[in-house]
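**Q** Let's have the full structure, built from the sequences with the hints guiding it.
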Amino acid sequence: MKICKSCVLPVNFPHITFASDGACNLCRSYKGSSEAGRLKKEYKDKFELLLKKIASKGAYDILVCYSGGKDSTYVLSVFKEMYGLKILAFTFDNGFIPERTFINIRNAIERLDVDHIFFKPRFNLLKKIFREAVKGFLYPMKAMERASLICTSCIGLVKYTALKLAIEKEIPFVGFGWSPGQAPVTSSILKINPRMVKSMEDVIKRPIVEVAGKEMEGYFLNERHYSKPDKFPIYIHPLAFLKYDEKAILNKVKKLGWIEPRGLDLNSTNCYLNSFANAAHKRRYGFHPYVFEIAALVREGCMSREEGLRRIRNTGDRKTIEMVKRRLAI
Amino acid sequence: MDDIKKVLKKFIIDNYLLGSQDVRLSDDDSFLEQGIIDSIGVIELTNFIQDRFNIKINVTDIIPENFDTLNNLERYITKKLKR
Chain S
1 MKICKSCVLP
11 VNFPHITFAS
21 DGACNLCRSY
31 KGSSEAGRLK
41 KEYKDKFELL
51 LKKIASKGAY
61 DILVCYSGGK
71 DSTYVLSVFK
81 EMYGLKILAF
91 TFDNGFIPER
101 TFINIRNAIE
111 RLDVDHIFFK
121 PRFNLLKKIF
131 REAVKGFLYP
141 MKAMERASLI
151 CTSCIGLVKY
161 TALKLAIEKE
171 IPFVGFGWSP
181 GQAPVTSSIL
191 KINPRMVKSM
201 EDVIKRPIVE
211 VAGKEMEGYF
221 LNERHYSKPD
231 KFPIYIHPLA
241 FLKYDEKAIL
251 NKVKKLGWIE
261 PRGLDLNSTN
271 CYLNSFANAA
281 HKRRYGFHPY
291 VFEIAALVRE
301 GCMSREEGLR
311 RIRNTGDRKT
321 IEMVKRRLAI
Chain V
331 MDDIKKVLKK
341 FIIDNYLLGS
351 QDVRLSDDDS
361 FLEQGIIDSI
371 GVIELTNFIQ
381 DRFNIKINVT
391 DIIPENFDTL
401 NNLERYITKK
411 LKR
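Quick mapping for you: the protein sequence lines, in order, are chains S and V.
The opening position of the first sequence corresponds to residue 1 in my numbering, with each subsequent residue numbered one higher.
The opening position of the second sequence corresponds to residue 331 in my numbering, with each subsequent residue numbered one higher.
One thing to keep in mind: the hints can contain errors.
Stated by the list, open to error - Stretches of chain S that chain V covers, calculated by requiring three or more beta carbons in the stretch to come under 8 Å of a beta carbon on chain V:
(1) 177–187
(2) 193–199
Stated by the list, open to error - With a straight-line cut-off of 30 Å between C-alpha atoms, the simulated BS3-like cross-links for lysine-lysine are:
(3) 5/S with 386/V
(4) 340/V with 40/S
(5) 412/V with 169/S
(6) 339/V with 198/S
(7) 228/S with 169/S
(8) 412/V with 191/S
(9) 282/S with 228/S
(10) 228/S with 339/V
(11) 339/V with 247/S
(12) 31/S with 2/S
(13) 41/S with 409/V
(14) 159/S with 282/S
(15) 46/S with 127/S
(16) 40/S with 339/V
(17) 198/S with 410/V
(18) 214/S with 164/S
(19) 31/S with 57/S
(20) 142/S with 120/S
(21) 336/V with 412/V
(22) 198/S with 335/V
(23) 254/S with 120/S
(24) 191/S with 86/S
(25) 339/V with 142/S
(26) 205/S with 412/V
(27) 135/S with 214/S
(28) 31/S with 386/V
(29) 412/V with 142/S
(30) 339/V with 53/S
(31) 231/S with 386/V
(32) 191/S with 41/S
(33) 127/S with 159/S
(34) 243/S with 228/S
(35) 46/S with 86/S
(36) 46/S with 410/V
(37) 228/S with 46/S
(38) 127/S with 214/S
(39) 53/S with 159/S
(40) 339/V with 231/S
What the hints contain is simulated information worked out from the structure, not anything from laboratory work.
Glycine included, C-beta positions come from ideal geometry on N, C-alpha and C.
**A** As structure tokens, then:
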């Protein structure tokens, strides 16, 4: 299959075009790393200014969505050690967290000395959503360009559960460990009008409630939350404005007692479901769900093209995929 | 008027639909319902409009009635430019 000679986007990726030299339209329009460096500095300064302006009135400055993977572990250390914030770390347990990740989480939160909570929704509800995500079209096709159907469902639940928690606990910031390929620097600081949030939430909530039933409504925001627009937090994606260097990140998290779990694919460091979700997405759409993110990392010089290709060609651990299928009864 | 819409359409196609020439984006298509724009896209779009049209957009203005379709956006920007 034809692949962009500069990044890793394949010819069957939606709306992609190639010039005669073999470069895709995104690589041709990329403005270069000096512009990216200028923007990173601008957004880092902006975040630091916001920190000075917005003092938390409650027990916490920031709620960190903490999956236990390498990036979110690193982000936890950044907020604690670089910015000295009062942190509540939050882990959403989707039923597919490796045992090693639970140990990694405990090690990191104890060494960084931060408060932490787990939230584990009923597995039977999640199972319905994940099963349907594999066989049905839950979301607009556009959303499928950046993540698998399963990941979109899971992340949707993580985002709105975290948002609810931040509003209820009056926490002014919510932090994520998204890579610069997942969140561009210009969107690394997000303050969104609650009415817009409601419309965005509907895109995720409607199909999830349809598939898993009315019980799912409780996992999303309600009128009580929307009646407090001043309590809506600002989303922060620090890896978009800080230097993203996977080797340095791994070195740092290892010092926090983090060890890479076994049985995972090359694009996850915390979730067994990922290999299965990737395979299902590839089968359905013909391209890897991480290819857009990896292409951006390659373009920005955060990853070599060879490594990018290795990751999108990786098919994951067969035993893990079988285990996921059994657990989802597929 | 047409120019505003043309500029916006080009930005949306270039940035969210990868510059595709064969894409059909009508003036009343909902960006949110079609998944064209998510939370990250909204902020990028806001930054672009502020720079391109030299207007200041408050968070309170970023609502579906102003931001969810090309027609809504054009109406909103025109109103801001007249002020």
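**Q** Give a verdict on every hint.
**A** Hints, one by one, checked against the model:
1. 177–187: holds (count 4)
2. 193–199: holds (count 5)
3. 5/S with 386/V: Violated, because 40 Å separates the two Cα atoms, which is more than 30 Å.
4. 340/V with 40/S: 25 Å, holds
5. 412/V with 169/S: 41 Å, violated
6. 339/V with 198/S: 24 Å, holds
7. 228/S with 169/S: Since the Cα atoms of residue 228/S and residue 169/S sit roughly 12 Å apart, the hinted pair holds (cutoff 30 Å).
8. 412/V with 191/S: 26 Å, holds
9. 282/S with 228/S: 41 Å, violated
10. 228/S with 339/V: Violated - the C-alpha atoms of residue 339/V and residue 228/S are around 34 Å apart, more than 30 Å.
11. 339/V with 247/S: 40 Å, violated
12. 31/S with 2/S: 24 Å, holds
13. 41/S with 409/V: 33 Å, violated
14. 159/S with 282/S: Measuring from Cα to Cα gives roughly 25 Å; hence the hint holds.
15. 46/S with 127/S: Violated, at roughly 41 Å.
16. 40/S with 339/V: 27 Å, holds
17. 198/S with 410/V: Given that 30 Å is the threshold and the Cα spacing comes to 24 Å, the pair holds.
18. 214/S with 164/S: Judged against 30 Å, a Cα distance of about 18 Å means the pair holds.
19. 31/S with 57/S: The given pair, whose Cα atoms are some 41 Å apart, is violated under the 30 Å limit.
20. 142/S with 120/S: With Cα atoms ~29 Å apart, residue 142/S and residue 120/S stay inside 30 Å; holds.
21. 336/V with 412/V: Measuring from Cα to Cα gives roughly 19 Å; hence the hint holds.
22. 198/S with 335/V: 25 Å, holds
23. 254/S with 120/S: Since the Cα atoms of residue 254/S and residue 120/S sit roughly 26 Å apart, the hinted pair holds (cutoff 30 Å).
24. 191/S with 86/S: 20 Å, holds
25. 339/V with 142/S: 16 Å, holds
26. 205/S with 412/V: Violated, at about 38 Å.
27. 135/S with 214/S: 21 Å, holds
28. 31/S with 386/V: With a Cα-Cα distance of about 25 Å, the restraint between residue 31/S and residue 386/V holds, given a limit of 30 Å.
29. 412/V with 142/S: 34 Å, violated
30. 339/V with 53/S: 36 Å, violated
31. 231/S with 386/V: 23 Å, holds
32. 191/S with 41/S: 19 Å, holds
33. 127/S with 159/S: Cα-Cα ~18 Å, so holds.
34. 243/S with 228/S: 35 Å, violated
35. 46/S with 86/S: Given that 30 Å is the threshold and the Cα spacing comes to 19 Å, the pair holds.
36. 46/S with 410/V: 25 Å, holds
37. 228/S with 46/S: Satisfied, since the Cα-Cα distance of roughly 25 Å is no more than 30 Å.
38. 127/S with 214/S: Distance ~15 Å between residue 127/S and residue 214/S Cα, so the pair holds.
39. 53/S with 159/S: Between residue 53/S and residue 159/S the Cα gap is close to 25 Å, so the pair holds against 30 Å.
40. 339/V with 231/S: With Cα atoms ~33 Å apart, residue 339/V and residue 231/S exceed 30 Å; violated.
Figure legend: structure checked against the earlier numbered hints; hints not met, in rising order: 3, 5, 9, 10, 11, 13, 15, 19, 26, 29, 30, 34 and 40.
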